[in-house]
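Asker: For chain P, the structure is supplied; the task is to place chain S on it using the hints.
Read top to bottom, the protein sequences are chains P and S. If you're matching positions, the first sequence starts at 1 in this note's numbering and goes up one per residue. If you're matching positions, the second sequence starts at 1 in this note's numbering and goes up one per residue.
Since the hints were derived computationally from the structure, they do not count as laboratory data. A portion of the hints provided could be inaccurate.
Only some residues are given here: those of chain S computed to face chain P with a beta carbon under 10 Å [unchecked claim]:
{"hint": "1", "residue": "Val28"}
{"hint": "2", "residue": "Ala99"}
{"hint": "3", "residue": "Pro105"}
Beta-carbon label-pair distances, calculated as ranges [stated by the list, open to error]:
{"hint": "4", "chain 1": "S", "residue 1": "Ala102", "chain 2": "P", "residue 2": "Leu148", "range": "34 to 40 Å"}
{"hint": "5", "chain 1": "P", "residue 1": "Pro62", "chain 2": "S", "residue 2": "Glu54", "range": "55 to 61 Å"}
{"hint": "6", "chain 1": "P", "residue 1": "Ser101", "chain 2": "S", "residue 2": "Tyr17", "range": "36 to 42 Å"}
{"hint": "7", "chain 1": "S", "residue 1": "Ile98", "chain 2": "P", "residue 2": "Arg31", "range": "44 to 50 Å"}
{"hint": "8", "chain 1": "S", "residue 1": "Ala3", "chain 2": "P", "residue 2": "Arg143", "range": "51 to 57 Å"}
Note that beta-carbon positions come from the ideal geometry of N, C-alpha and C, so glycine has one too.
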Amino acid sequence: MDPVSRAHVYVVIPAYNEGPVISRVVLEVRRAGYAVVVVDDGSSDATADHAGAAGATVIAHPFNLGQGAALQTGIDYALVQGAQCIVTFDADGQHRVSDISRLIESLVRERADFALGSRFLGQAPNLPLLRRLMLQAATAFSRLTTGLQVTDTHNGLRAMTRRGAAAIKLRQNRMAHASEYLSQIARSGLRYVEQPVTIEYTAYSLAKGQKVGDAVLILLDLFARRLYR
Amino acid sequence: MIAQLILSTLLAAILLYAWTEYRRSPAVAILTVLVATAGLYFVWVPEHSTRLAELVGIGRGVDLMLYIWVCLSLIVLLNLHLKLRTQMELITTLAREIAIAAAKPPKD
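This is chain S alone, in the form it adopts within the complex:
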């Protein structure tokens, strides 16, 4: 029960994070919600993870959890990449303003 409560708190925090990210990147937010909700479900109904794992040919429920964790990590990586792109766009705007302000017209 203690582990279930800790994991539920963590996954709830991830859901909250997904909600805050929705405006910037709906695709990432929806993916995160899907994976975190699946995680929450299996935390409270672990026997279903084993059944689902057998159904999709993974074998053990714990392996299925591992794969879900890997998926979450990849989503986090994707989100970081998108954030870097957003930062780059801001840097570009700033660099452009500086460059235009310092434009050198022809001498003639």
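Here chain P stands alone, though its shape is the one from the complex:
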């Protein structure tokens, strides 16, 4: 990918009941010069209003569909708007805006179509031990099933070129989308790189994050998806 201006970089933020933090996250990303798309996934609080007031384009799902569905909605919208580069970013404030430019630089430098953030190549202060083990098990599973030698599979901070984004069609609405995303990268044959990023866990993000029991649901979702066309 050739270097692009920040106005052509769309940062897609899926959000579900993120009222307390969404304004700060949107303002920080906007301040860096990127276009921001918040996909409000059927929130019952004022997430959409806060995001709009902070300067984001807001797309509101009529009801809750799941993070995977929200990401795909944001990607579709950004492509229609002519985005040259699309970044996915969490709404709970655990990602650093400064990592976005590093991801995009690695796309340009490595001539890749996907730049995947990795907290295990970078830093993840306050990452609880149980969650670390869960993420490492998920990484081992993804390596086995996709053949991609990644170090962090469930990291919501990623960048992709327009061509890369067009190759992604997430059908896993809920949590299994992260594994599906990697499978589709592998199937596309497009080049990917990993980039160290920092994930800052807070009490808020930990309370909203995935639980150990979710891993079972993810496995069931991935299995069920293989049983039909």
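Answerer: Then chain S, alone, in the frame of chain P:
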């Protein structure tokens, strides 16, 4: 003989259903064909069901039939679940189109 004919008709209908489902879910269709074919076989050769039941440690042929019936019910449940997932994907596509059409750009 009457019972055999009725059961055969029902199982043949299940086989027909499996054939119509093959395009959408080959795994479910193949499972259904296997179980329904086993059912057809035992309807016409019931003494083999007792022999097979003894072989696998169930004891009575009628119990083996019961277990095959339970398997068929579970396959039907799985198929319904997969159909619900397909429906959800269609609903998602529709909801996405509506949401994108009503996107609110920033005010500045």
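Asker: Enumerate the violated hints, using their earlier numbering and listing them in ascending order.
Answerer: 6, 7
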